[in-house]
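> Spelled out from the first residue to the last, the chains are:
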Amino acid sequence: MKVLLSIICLLYCISVPANTILIGAKQNVRSLKEGITQAQFGDTLRVMPGIYREGNIILEKSLVILGENFPVLDGENKYEILTIHAHDVVIKGITFINTGVASMTDLAAIKANGCRNIRVINNRFENTFFGIYFANSSHSWVEENRLQSNAEAEHQIANGIHMWKCSSMTVRNNIIKGHRDGIYFEFVTNSLITNNHSEGNLRYGLHFMFSHNDEYRHNEFVNNGAGVAVMYTKGVKMIDNTFDRNWGSAAYGLLLKDIRDSFVTRNKFTQNSVGIFMEGSSRIAFKENTFSANGYAVRLQASCDDNVFERNNFSANTFDLVTNGTLTLNKVNSNYWDKYEGYDLNNDTVGDVPYRPVSMYSMIVEQVPTAVLLWRSFLVYLMDRTEKAIPAITPENLKDDSPSMKPYDFLHSHY
Amino acid sequence: MKTIFTTLLIGLILAACDVKPEPLVMGKDACHTCKMTLVDDKFGAEIITKKGKVYKFDDLNCAINFYNSGIEPKENISTCMAAVYNNPKQLLTVTQAFYCQSDLVKSPMGGNVATFSNKDDLEKFAREWKGKTFTWNELLEQFK
Numbered sequence: 001m002k003v004l005l006s007i008i009c010l011l012y013c014i015s016v017p018a019n020t021i022l023i024g025a026k027q028n029v030r031s032l033k034e035g036i037t038q039a040q041f042g043d044t045l046r047v048m049p050g051i052y053r054e055g056n057i058i059l060e061k062s063l064v065i066l067g068e069n070f071p072v073l074d075g076e077n078k079y080e081i082l083t084i085h086a087h088d089v090v091i092k093g094i095t096f097i098n099t100g101v102a103s104m105t106d107l108a109a110i111k112a113n114g115c116r117n118i119r120v121i122n123n124r125f126e127n128t129f130f131g132i133y134f135a136n137s138s139h140s141w142v143e144e145n146r147l148q149s150n151a152e153a154e155h156q157i158a159n160g161i162h163m164w165k166c167s168s169m170t171v172r173n174n175i176i177k178g179h180r181d182g183i184y185f186e187f188v189t190n191s192l193i194t195n196n197h198s199e200g201n202l203r204y205g206l207h208f209m210f211s212h213n214d215e216y217r218h219n220e221f222v223n224n225g226a227g228v229a230v231m232y233t234k235g236v237k238m239i240d241n242t243f244d245r246n247w248g249s250a251a252y253g254l255l256l257k258d259i260r261d262s263f264v265t266r267n268k269f270t271q272n273s274v275g276i277f278m279e280g281s282s283r284i285a286f287k288e289n290t291f292s293a294n295g296y297a298v299r300l301q302a303s304c305d306d307n308v309f310e311r312n313n314f315s316a317n318t319f320d321l322v323t324n325g326t327l328t329l330n331k332v333n334s335n336y337w338d339k340y341e342g343y344d345l346n347n348d349t350v351g352d353v354p355y356r357p358v359s360m361y362s363m364i365v366e367q368v369p370t371a372v373l374l375w376r377s378f379l380v381y382l383m384d385r386t387e388k389a390i391p392a393i394t395p396e397n398l399k400d401d402s403p404s405m406k407p408y409d410f411l412h413s414h415y
Numbered sequence: 001m002k003t004i005f006t007t008l009l010i011g012l013i014l015a016a017c018d019v020k021p022e023p024l025v026m027g028k029d030a031c032h033t034c035k036m037t038l039v040d041d042k043f044g045a046e047i048i049t050k051k052g053k054v055y056k057f058d059d060l061n062c063a064i065n066f067y068n069s070g071i072e073p074k075e076n077i078s079t080c081m082a083a084v085y086n087n088p089k090q091l092l093t094v095t096q097a098f099y100c101q102s103d104l105v106k107s108p109m110g111g112n113v114a115t116f117s118n119k120d121d122l123e124k125f126a127r128e129w130k131g132k133t134f135t136w137n138e139l140l141e142q143f144k
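Residue numbers (this note's numbering), protein chains in the order written: chain A, 1 to 415; chain B, 1 to 144.
With the rest of the complex left out, here is chain A (with noise of 0.2 Å):
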């Protein structure tokens, strides 16, 4: 007993309560590598309101680095601004401005390179080159932060939230705009995007690439240059997000390539010039989205296979599915199509009549891009009806043998 209280004794003398250092123009000390210099490990840090010019300041040990009212750190379009090589780091409550650009090497305003547990929350970012940036690293959290840039040419911006080589992040409730691509993932695996505002980047609002077993739900992507692009993945969970008005000849709401085996659940495709593009993708479940008022709501390229679709909702769509192929070894249920014809005998609220959802001058457009002029004109009505009949050019198997007569209500149902 004496032996252990001893020991407890010894412990609690050893272990130094951890020290709270202030910073501010006027306190004692005067510069965040100063208080940095003096710290400890497990020190906190508070940053008074003002701004900060001290170039790159470099970080290697576990600290708080706690703003009050949001003090200024000012890269003065010159530097990087932290750059963390630390594990257990928590960033909090600061305000990030005017990284320095250069072509090779990626100036951020945070930079992590092989840590872990690093918590970037609630900070403001304005006119940075990259934002954050995770290099090799693990079990992180990026939340509740703001990132805004306003470059004019994209060679002169970076990504919002940029990831490589990292697994188990965390990056939630976070509002990017005007970067590159808001939140860009290469190598990423085991992580979670949840409730983040993407708007306005000039790339993609989502860009994933080699990311495996990720997740990404309740997210909105809106109004990007080319909407959001999961590529060369397999394992990816899309949920509850919102693709909303991307716009343009290469722009996509969701741009699925070499994905496999994946779930696209109860998303919302809104005003994009395509709601979902797939190419070389399998065994992707596509159940519960909605696709209203696109150009194109699916386009799926022949060389995809496997895939379901089943209890979408497909309304005001100018094509609801179009194929280049004719061989289609994906199936299409149960899904409402607000062009459909049939009819509903036995009140059983499935059509009676299989839908073919892949209209024939939907293929012409296909091979002939410019054909799209003379859509909506009489003879395009006249041959799309002829191959309703007689189907010829359109692939025999696509189609929806019980397609529903109303619409499904997502927001009050539940598994």
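Any given hint could turn out to be false.
Said to hold, decoys possible - With a straight-line cut-off of 25 Å between C-alpha atoms, the simulated BS3-like cross-links for lysine-lysine are: (1) B:K42 with A:K78; (2) B:K106 with A:K78; (3) B:K106 with A:K234; (4) A:K268 with B:K35; (5) A:K165 with B:K28; (6) B:K35 with A:K177; (7) A:K177 with B:K132; (8) B:K42 with A:K165; (9) A:K287 with A:K331; (10) A:K92 with A:K78; (11) A:K165 with B:K130; (12) A:K237 with B:K35; (13) A:K234 with B:K35; (14) B:K106 with B:K74; (15) B:K28 with A:K177.
These aren't lab readings, by the way, just hints derived from the structure by calculation.
Given the structure of chain A, go ahead and fit chain B onto it with the hints provided.
Below, chain B without anything else, positioned relative to chain A:
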């Protein structure tokens, strides 16, 4: 009158058939292979067919993949061009260019190859970024 008209018409047809490169428009054009929008003007390539159709790419390895894929048969291809790394507005016929691959160069699709118009630039760059130099034919082998 008739002759003038015919000459004009023939001229128009010939002009329409002209096979020439188109500039790569950043933020607007998309790569034919990977579908990504072009954003990095230091990299990029295009393949032009004998009929004048232009395929654009964001990275040399996307262009080579397409070249080898047979989507457009090789006998139909007129020229292949690559964007010059240190002068991005310039497009160069691939056989006349010099190439350097280095993992420190980050191209959009991981080809990581920079293109140069002359040997001096190439060697200077290769020394600085610890790169390996290639000719077009060697590059075709590399990305096979």
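> Against this structure, judge whether each hint is valid.
Hint by hint, here is what the structure shows:
no.: 1; hint: B:K42 with A:K78; in the structure: holds, 22 Å
no.: 2; hint: B:K106 with A:K78; in the structure: holds, 21 Å
no.: 3; hint: B:K106 with A:K234; in the structure: holds, 24 Å
no.: 4; hint: A:K268 with B:K35; in the structure: holds, 22 Å
no.: 5; hint: A:K165 with B:K28; in the structure: violated, 28 Å
no.: 6; hint: B:K35 with A:K177; in the structure: holds, 23 Å
no.: 7; hint: A:K177 with B:K132; in the structure: violated, 38 Å
no.: 8; hint: B:K42 with A:K165; in the structure: holds, 24 Å
no.: 9; hint: A:K287 with A:K331; in the structure: holds, 12 Å
no.: 10; hint: A:K92 with A:K78; in the structure: holds, 23 Å
no.: 11; hint: A:K165 with B:K130; in the structure: holds, 22 Å
no.: 12; hint: A:K237 with B:K35; in the structure: holds, 21 Å
no.: 13; hint: A:K234 with B:K35; in the structure: holds, 18 Å
no.: 14; hint: B:K106 with B:K74; in the structure: violated, 29 Å
no.: 15; hint: B:K28 with A:K177; in the structure: holds, 19 Å
Checked against the numbered hints given earlier, the structure breaks hints 5, 7 and 14 and satisfies all the rest.
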